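Those protein sequence lines, which keep their order, are chains A and B.
The first sequence lines up with residues 1 to 110 when you count with this note's numbering.
The second sequence lines up with residues 1001 to 1114 when you count with this note's numbering.
If you are wondering where the hints come from, they were derived from the structure by calculation, not from laboratory data.
If you're wondering where the values come from, they're calculated on a predicted model, not measured in any experiment.
Where hints are given, some of them may not hold.
What the hints assert, rightly or not - A few chain B residues that face chain A, going by a derived Cβ cut-off under 7 Å, partial list only:
1. GLY1042
2. PRO1043
3. TYR1048
4. ALA1055
5. PRO1098
6. GLY1101
7. LEU1103
8. GLU1107
Idealized CB from N, CA, C, for every residue including glycine.
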Amino acid sequence: GENVEQHPSTLSVQEGDSAVIKCTYSDSASNYFPWYKQELGKRPQLIIDIRSNVGEKKDQRIAVTLNKTAKHFSLHITETQPEDSAVYFCAAFLGGKLIFGQGTELSVKP
Amino acid sequence: GAGVSQTPSNKVTEKGKYVELRCDPISGHTALYWYRQSLGQGPEFLIYFQGTGAADDSGLPNDRFFAVRPEGSVSTLKIQRTERGDSAVYLCASSSTPYTGELFFGEGSRLTVL
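So here's chain B without its partners, still in its complex pose (with noise of 0.2 Å):
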């Protein structure tokens, strides 16, 4: 595609509820990352694909959290047992490569956990 597309562009949910999260990359590109926004905020790195495998996961914050991206593009990333602090927009990016850190961000999906 054109640009990083992430889905849903909105999602509020119940404390407890499980959460899935969509990227889909730009096409060809090989490295996709997610990062979390919280208000007022800098992007907070998660975790970071080369492919189908996790390269770098030490930013996700506990094991509610888990990504995955089966086939090398599509990823998602599935948060269960939501809490509060959960609340944050999800931003994903990719690159064509992970050694340059030239990545391109979607418009993020805002989690709301009520």
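With the rest of the complex left out, here is chain A (with noise of 0.2 Å):
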């Protein structure tokens, strides 16, 4: 099956800097990346996604680049804001689930 390894598991930042979070999967056969940001006793709720199709997608401050042969994609969040601190969750879909990294605690100090 499927498996996801997520680093860093907490990442503390300054307000204005950039913020990567990086996964593995192990699944080639993988094809459907989403990135996942939980808010403290909140859902998850889906921020960007990627397709094996493609390497790179941006919307605003945030954007994901896969490396397929690598097998790992990364998060990036540029000028961060104390709002965007919370967990972070990779996931990658294969046989019609998601497998969910560890998650990534992100701390955005003003």
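Two chains, two separate frames, one set of hints: put the complex together.
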């Protein structure tokens, strides 16, 4: 089955700096890679996603890159703001189900 | 409905009791998923349905866990003889199809087993 590893587990940045979270997956057949943001006590919310036929996707301050050969993908947040503070999860889609990474707790200090 | 609805939002029970958690997916979504999320962890896959049938139940931890979706809409996750280790947030998600991976999550049911 699929296995997703996510790093780092915690990340602290100053407001305005960039944040990068990295994930690797094990099964090359995975074809869809979403990122979710989860605030304390709330549901995971999809913030950006990428399919395996695309190498990069950007939406305002957030971007995702995918390297299929190396089986890794990354989330990039630029010009971070305090409201970006949350737990971020990557996931890989295989065989009809999403497999999640362990999460990264991002803290943006004003 | 407008989003995925889960009830109850909180459930406290005693070890050994039986618990049912309910999920009402987004109207028209054929795929429905159950995940379990422990504190500080990512959501852990339990089971998913396509229509009324369980397409993949490989994540159910043991035979105390069972889920149904008799009419292809609302689903119930059933846990027998609860144990303290079952304490977690149980998340339900739905998708318009099981082929895209675009899941929409509910707020979850927080289960505490004393």
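Structure-based check of all given hints:
Of the supplied interface hints, the one on GLY1042(B) holds, with its beta-carbon coming within about 4 Å of a beta-carbon of chain A, less than 7 Å. Because the closest C-beta pair between PRO1043(B) and chain A is about 5 Å apart, less than 7 Å, the hint holds. Here the hint on TYR1048(B) is kept, as its CB sits about 6 Å from the closest CB of chain A, short of 7 Å. Hint status for ALA1055(B): holds, given a least beta-carbon distance of 6 Å to chain A, under 7 Å.
At its closest, the beta carbon of PRO1098(B) sits 4 Å from a beta carbon of chain A; the interface hint therefore holds under the 7 Å criterion. For the restraint placing GLY1101(B) at the interface with chain A, the shortest Cβ-Cβ distance is roughly 3 Å, inside the 7 Å limit, so the hint holds. The criterion of a C-beta within 7 Å of any C-beta in chain A is met by LEU1103(B), whose closest approach is roughly 6 Å, and the hint holds. Annotation: interface hint on GLU1107(B) holds; nearest CB of chain A at approximately 5 Å, less than 7 Å.
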